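The numbering of the sequence shown is my numbering, which starts it at 31 and goes up by one.
Everything labelled a hint here was simulated from the structure, so no lab data went into it.
Note that this is a predicted model, so its numbers are computed, not measured.
Just so it is clear, CB atoms sit at the ideal spot from N, CA and C, and this is done for glycine as well.
Among the clues, some could well be false.
Simulated restraints on C-beta separations [claimed, not checked]:
#1 Ser162 with Glu56: 37 to 45 Å
#2 Ser162 with Glu60: 47 to 55 Å
#3 Ile237 with Glu35: 27 to 35 Å
#4 Leu192 with Glu120: 18 to 26 Å
#5 Glu200 with Glu148: 40 to 48 Å
#6 Thr160 with Gly93: 15 to 23 Å
#7 Glu98 with Glu204: 49 to 57 Å
#8 Glu60 with Pro226: 38 to 46 Å
#9 Glu148 with Ile237: 16 to 24 Å
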Amino acid sequence: KLADECGGIVNVLASSNISGTVDSAEAAKEFVPGLPIRVVDSLFSAMGEGLIAVAAARAAASGKSIDEIVAVAEKTRDHTHLLFVVDTLEYLHKGGRIGGAKRLLGTALNIKPILHFEDGTIQPLSQTRTKSKGVEELLNIAAERLGSDKMAEAGVVHVDCLEEGRSLVEKVKERFNPSLVHLSDVSPVVGTHVGPGALGLAFYPDI
31 KLADECGGIV
41 NVLASSNISG
51 TVDSAEAAKE
61 FVPGLPIRVV
71 DSLFSAMGEG
81 LIAVAAARAA
91 ASGKSIDEIV
101 AVAEKTRDHT
111 HLLFVVDTLE
121 YLHKGGRIGG
131 AKRLLGTALN
141 IKPILHFEDG
151 TIQPLSQTRT
161 KSKGVEELLN
171 IAAERLGSDK
181 MAEAGVVHVD
191 CLEEGRSLVE
201 KVKERFNPSL
211 VHLSDVSPVV
221 GTHVGPGALG
231 LAFYPDI
C-alpha cells in the first residue's frame, strides 16, 4: 500500500538483539521490488527507538532524501541513551538475568536496579535502595552522560505507573529543559524484561 504513496521507505525498528523485526523487514523488502526501502536497526526499544523514529520522520517531513533520512536516524541513534529503574527483581530473575539468591537478597534489601541499553541489549548499570533514589540516579546518570551538552529531546516511559511517569517528565523538564519530553508506556518486549513499576528515560544531546 505504501509503495503507491511514496518514493521510498525508511523503517526504524527495535534492536535486532532483542527482536526479530529487523530480519523480518529485510526479508519483506523482496516483496516490493523497485521501491527503495532502508531498514535502520535502532539498537534500542521503547522510547530510545521512538526518539530515533521521530527524528527520521522530521527529516522526511522537511523533504530530505532517503539517504539523508537514514543518516539522521543513525546519527540520532549513535547519541541516544536509554536508562531504566526497575521496581521488582522478579522479572529480571525470570528472564535469567539474576539468580534466585540475588533476587531474594535484593528483594529483602529493597534493591532497585538501574539498567541501560548497551550494544542493543538491556544490561545492568548500577543499583539503589529505593525507587525514589533510583529516579534521582537516572537523572544523575543523564547529567553525567550529557556533560556540557544540552539535552535536546527526551522521552519517559513507564510500565503501569503513569503518575510516576508524569512526575519524571516534570523532573526532566526542570533539570534539563529539553525542547520536548514525550511520555509513553513501554512495549511488551521491554515490559517483560523490567516488570511493572519500571520507569525509563531516553534522551539525546544537541547534535
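Verification of the supplied hints:
A hinted range of 37 to 45 Å holds for the C-beta pair Ser162 and Glu56, which are about 43 Å apart. For the hinted restraint 47 to 55 Å between Ser162 and Glu60, the CB-CB distance of approximately 51 Å keeps it satisfied. A C-beta distance of roughly 30 Å is found between Ile237 and Glu35, which places it inside the suggested range of 27 to 35 Å. Judged by the Cβ atoms, the range 18 to 26 Å given for Leu192 and Glu120 holds: they are separated by roughly 21 Å.
At about 28 Å, the beta-carbon gap between Glu200 and Glu148 misses the expected band of 40 to 48 Å. One distance hint, 15 to 23 Å for the beta-carbon pair Thr160 and Gly93, is violated here, with the actual separation near 49 Å. Taking the beta carbon of each, Glu98 and Glu204 are about 35 Å apart, not inside 49 to 57 Å as hinted. Restraint check, Glu60 to Pro226: a C-beta distance of roughly 40 Å satisfies the suggested window 38 to 46 Å.
In this structure, Glu148 and Ile237 meet the distance hint of 16 to 24 Å, their C-beta atoms being roughly 20 Å apart.
Comparing the model with each earlier hint shows violations of hints 5, 6, 7; every other hint is respected.
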